[in-house]
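4 protein chains.
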Amino acid sequence: MFWWIAYSGEPKFLDELLFKPEHSLIDQSLSARSSVTPTNGDGFGIGRYSERETPGIYRNFRPAWNDRNLRDLAEQIRSHLFLAHVRAATGTAVQQTNCHPFRFGKWLFVRNGVIHGFREMKRDLVQEVSPELYPSIEGTTDSEVMFFLALTLGLEDDPLAATARMAHLVEQVGRAHGVEEALTLTLGISDGKRVFGIRYASDGSPRTLFHSRDMCALKELNPKIDRFSDDARAVVSEPFGTLSESWVEIPPSSAVIIDGAKLETREFHPSSPH
Amino acid sequence: MFWWIAYSGEPKFLDELLFKPEHSLIDQSLSARSSVTPTNGDGFGIGRYSERETPGIYRNFRPAWNDRNLRDLAEQIRSHLFLAHVRAATGTAVQQTNCHPFRFGKWLFVRNGVIHGFREMKRDLVQEVSPELYPSIEGTTDSEVMFFLALTLGLEDDPLAATARMAHLVEQVGRAHGVEEALTLTLGISDGKRVFGIRYASDGSPRTLFHSRDMCALKELNPKIDRFSDDARAVVSEPFGTLSESWVEIPPSSAVIIDGAKLETREFHPSSPH
Amino acid sequence: MFWWIAYSGEPKFLDELLFKPEHSLIDQSLSARSSVTPTNGDGFGIGRYSERETPGIYRNFRPAWNDRNLRDLAEQIRSHLFLAHVRAATGTAVQQTNCHPFRFGKWLFVRNGVIHGFREMKRDLVQEVSPELYPSIEGTTDSEVMFFLALTLGLEDDPLAATARMAHLVEQVGRAHGVEEALTLTLGISDGKRVFGIRYASDGSPRTLFHSRDMCALKELNPKIDRFSDDARAVVSEPFGTLSESWVEIPPSSAVIIDGAKLETREFHPSSPH
Amino acid sequence: MFWWIAYSGEPKFLDELLFKPEHSLIDQSLSARSSVTPTNGDGFGIGRYSERETPGIYRNFRPAWNDRNLRDLAEQIRSHLFLAHVRAATGTAVQQTNCHPFRFGKWLFVRNGVIHGFREMKRDLVQEVSPELYPSIEGTTDSEVMFFLALTLGLEDDPLAATARMAHLVEQVGRAHGVEEALTLTLGISDGKRVFGIRYASDGSPRTLFHSRDMCALKELNPKIDRFSDDARAVVSEPFGTLSESWVEIPPSSAVIIDGAKLETREFHPSSPH
Chain A
111 MFWWIAYSGE PKFLDELLFK PEHSLIDQSL SARSSVTPTN GDGFGIGRYS ERETPGIYRN
171 FRPAWNDRNL RDLAEQIRSH LFLAHVRAAT GTAVQQTNCH PFRFGKWLFV RNGVIHGFRE
231 MKRDLVQEVS PELYPSIEGT TDSEVMFFLA LTLGLEDDPL AATARMAHLV EQVGRAHGVE
291 EALTLTLGIS DGKRVFGIRY ASDGSPRTLF HSRDMCALKE LNPKIDRFSD DARAVVSEPF
351 GTLSESWVEI PPSSAVIIDG AKLETREFHP SSPH
Chain B
111 MFWWIAYSGE PKFLDELLFK PEHSLIDQSL SARSSVTPTN GDGFGIGRYS ERETPGIYRN
171 FRPAWNDRNL RDLAEQIRSH LFLAHVRAAT GTAVQQTNCH PFRFGKWLFV RNGVIHGFRE
231 MKRDLVQEVS PELYPSIEGT TDSEVMFFLA LTLGLEDDPL AATARMAHLV EQVGRAHGVE
291 EALTLTLGIS DGKRVFGIRY ASDGSPRTLF HSRDMCALKE LNPKIDRFSD DARAVVSEPF
351 GTLSESWVEI PPSSAVIIDG AKLETREFHP SSPH
Chain C
111 MFWWIAYSGE PKFLDELLFK PEHSLIDQSL SARSSVTPTN GDGFGIGRYS ERETPGIYRN
171 FRPAWNDRNL RDLAEQIRSH LFLAHVRAAT GTAVQQTNCH PFRFGKWLFV RNGVIHGFRE
231 MKRDLVQEVS PELYPSIEGT TDSEVMFFLA LTLGLEDDPL AATARMAHLV EQVGRAHGVE
291 EALTLTLGIS DGKRVFGIRY ASDGSPRTLF HSRDMCALKE LNPKIDRFSD DARAVVSEPF
351 GTLSESWVEI PPSSAVIIDG AKLETREFHP SSPH
Chain D
111 MFWWIAYSGE PKFLDELLFK PEHSLIDQSL SARSSVTPTN GDGFGIGRYS ERETPGIYRN
171 FRPAWNDRNL RDLAEQIRSH LFLAHVRAAT GTAVQQTNCH PFRFGKWLFV RNGVIHGFRE
231 MKRDLVQEVS PELYPSIEGT TDSEVMFFLA LTLGLEDDPL AATARMAHLV EQVGRAHGVE
291 EALTLTLGIS DGKRVFGIRY ASDGSPRTLF HSRDMCALKE LNPKIDRFSD DARAVVSEPF
351 GTLSESWVEI PPSSAVIIDG AKLETREFHP SSPH
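Residue numbers (the working numbering), protein chains in the order written: chain A, 111 to 384; chain B, 111 to 384; chain C, 111 to 384; chain D, 111 to 384.
Keep in mind that the hints were calculated from the coordinates and are not lab data.
Treat the hints with care, since some could be wrong.
Note that identical chains are pooled: a pair holds if it fits in a single copy or bridges any two copies.
As the list claims (entries may be wrong) - Here are the computed lysine-lysine pairs in the BS3-like style, where the Cα-Cα straight-line distance is at most 30 Å:
1) LYS303 / LYS329
2) LYS372 / LYS303
3) LYS216 / LYS130
4) LYS303 / LYS130
5) LYS372 / LYS334
Model the full assembly from the supplied sequences, consistent with the hints where possible.
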């Protein structure tokens, strides 16, 4: 079980949203309240956009809460759009290349969830990655395979459509391996301008996903921040601390697209790639 | 808050006692039940005696539960006397040299507890370490300073007496810094033959410490082990899983000495070094 | 460029052969003399057989020369058959799962060399790994893929024949990708009883490989060791220090099989799997 | 033996000066040409000033050349004043807290060199650190002790005078331990505005230190950079690649002060603190 957040808005120092709040992301990594796995101590990562088109990523296999470099970077780096992720490994190795976010060109990708039966399906899934993209796979997680499948199926042109095709493909390969409902996920995807948040599960019961309704929601991330810009938005895989009405649950089988001040919700259903 | 175990008896593979039981030490490191700090993910160490007089130690700053080398070593290494420790850092850096056990010659040392006000007292305490021993200090924890103070005060000749002197010294320096009850600890010390378990706190309320009453207690460590030798003994800082009558609580201000099949309990009180 | 050694004979503490000699393996990792890459600081591993059929492995992504746990383990662990390997990464990530030796059941596998054009060929090569074995691949190196191809092609029944088939397959896939001479390697393989050392390159000019002629060769590994057993043998990918006549160069396109005191040399040529 | 660089001038991305040049700092870390220790693979650090008064530091115990986070950070971070350092450990543990730069408030400190006999002198030296500063010592190196001694002796008011007092003190304690010529060093110190480069050895033969004469020197750091600002300056502990006349050797027993476009050279001699 993982934990992630995406922020888009006026540039903020990362530590203002990741470390300072009482029930911060990093805090959560020590003892996630609503998670199945008790502790998210198997690595973390942050990806953020600043001056260059390619986002920067910092990933480490150690617990987020005891990484001094992370704390220091979060104090120094200001970004208008960033994603952060903490990991609780569920079988694959605890190493940097297995930490989220994954990056390809200007794209970032984080995920919470599992592919049921991935160990058995992996070989078939990986064969669907295009030969051009295949060499860029660096780790061994199901998340990274999903990212490269979505890239193969057109993520750079239409992230939601490509992800829907990827979901279809994974479920199809799952059934071929006798797994009826292979997929459960919440996804965060960005190109540096937009944030896509997707919530879906084959069995209709995905993990949680929320977006901020207004500035009050953001102030719950860190009450000490005086103001957020009008276009500031956040997506979180689990609410920080107590859930208030300022956070809107993204319904199962749906997605949000955040593009500056605009927030749009759409249905999300797997669709055949062909 | 830390967690430790000492085992003495017929040689066992380390994984039989550290990984296999349902509520194993490694398990506990993920979510210690009665600890103040929720997770012990800031490093661990094992020290064990085998063919050579000097014990071997393996320490790492990452969580015990995701270290594959640890798992592998525990499967391969058999020892008649070993100590294991998991760490939840409380201020000092998460690095190998701050992990327990600490070693000097044939001696191993693990600790659970704190010195209240250590940050302010450290300079004065360290000055009490003998010039010959001083250069061997490698880390920055209060535990290691306590070990080197005890070594300075005669640990190699009489571990309990030297530890009592060390406790006196720490309380004395504490009072000089306005800390009335500086010390709370459980200690595990060994020379490869004997195991010393000490439980003490300046305010009379130290953390827990238990020793096994009989083979039934040891079988609770791992029910799948058919038999333990008659002289097998264990000391644990917290009971594994539910506490049964097979585990004997070591009273506050007391110590146990395990020497083969013999187990002796003594009072433990700080005593002036002079 | 990597560096490896295999030892078979009377049990020795690992540090006697890895750390103590003046131009030791670990020493070599700091400044390999005849290597293309100047320093082998991108991880290392040791695999050794002792009481259990499954060998133990200890691998780390940091430089061998500054890993205290390695030094400590080498002092404590005694083995009658072990392999050690130091790594200089040539593109794939520096992480534990990419360190040699690779292990499957009772088998260990180390390699020096490269597959030219591996990045482009990888997808096709990996598809040849059997579906049963595929999920056990943990890292991202060409070496591990070669190991799993050889396992797919019968390594557990006949290591040399399976490796010859694997070599054929790699060269075939290479040619399909426009790489005429894809392979250059020295391989060390063991099942805990026998050591297989293979030297081969598609272009006829593989990297070096040597075996000990007699006890004098072994004493060059560590002059302070008084005696080696009559059946003691070593294979090294590069000679320690100055090369003496006590070390026999294994010719290109050939292999040695060490089985206790017996040492046999055979020709080695790629052969079609079909 | 270590290696360091300081840059002051128009903001540059760190990778432009650390990774891009053919004989870059990171390159040097793999095989330093004029160093005593062949490889600087025992950690590294970068410290840089940007929006906040407190500089950011990123330090790691692994080799600089294989740290992907470092490469990524260097691509994203732009700074008008930064220091970078690579380490070859000479006895003390390879861990983050022993990596340079050391930081206190707005001050950064890097060093190349040794204190001869430090192991024996350490206890006496550390006692000279003021009780207020003592708790901030995090590692175990002689470099950090020197930094805290200089802080104790007034570094924040007058860096050169405080360093001269520190040098005097170290030589004095050295002589008390029978070490006639204890010190050899090159130091880089900064407060975010000025860079201080100091070259000194008790025996008159310190390690090398250079500063850039003009923009041509800087362009040798990376020929692909079109232009440097007029006030751009660099100090390097060893020349990159071949030494040209664009680099000026800082004489033994002297220091440079860079303050924007101004560069001043002064004599540097140990002076009694009293």
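Right, here's what the structure says about each hint:
no.: 1; hint: LYS303 / LYS329; verdict: within (22 Å within a copy, 35 Å between copies)
no.: 2; hint: LYS372 / LYS303; verdict: within (11 Å within a copy, 42 Å between copies)
no.: 3; hint: LYS216 / LYS130; verdict: both (28 Å within a copy, 21 Å between copies)
no.: 4; hint: LYS303 / LYS130; verdict: both (25 Å within a copy, 29 Å between copies)
no.: 5; hint: LYS372 / LYS334; verdict: within (25 Å within a copy, 41 Å between copies)
In summary, this structure violates none of the numbered hints.
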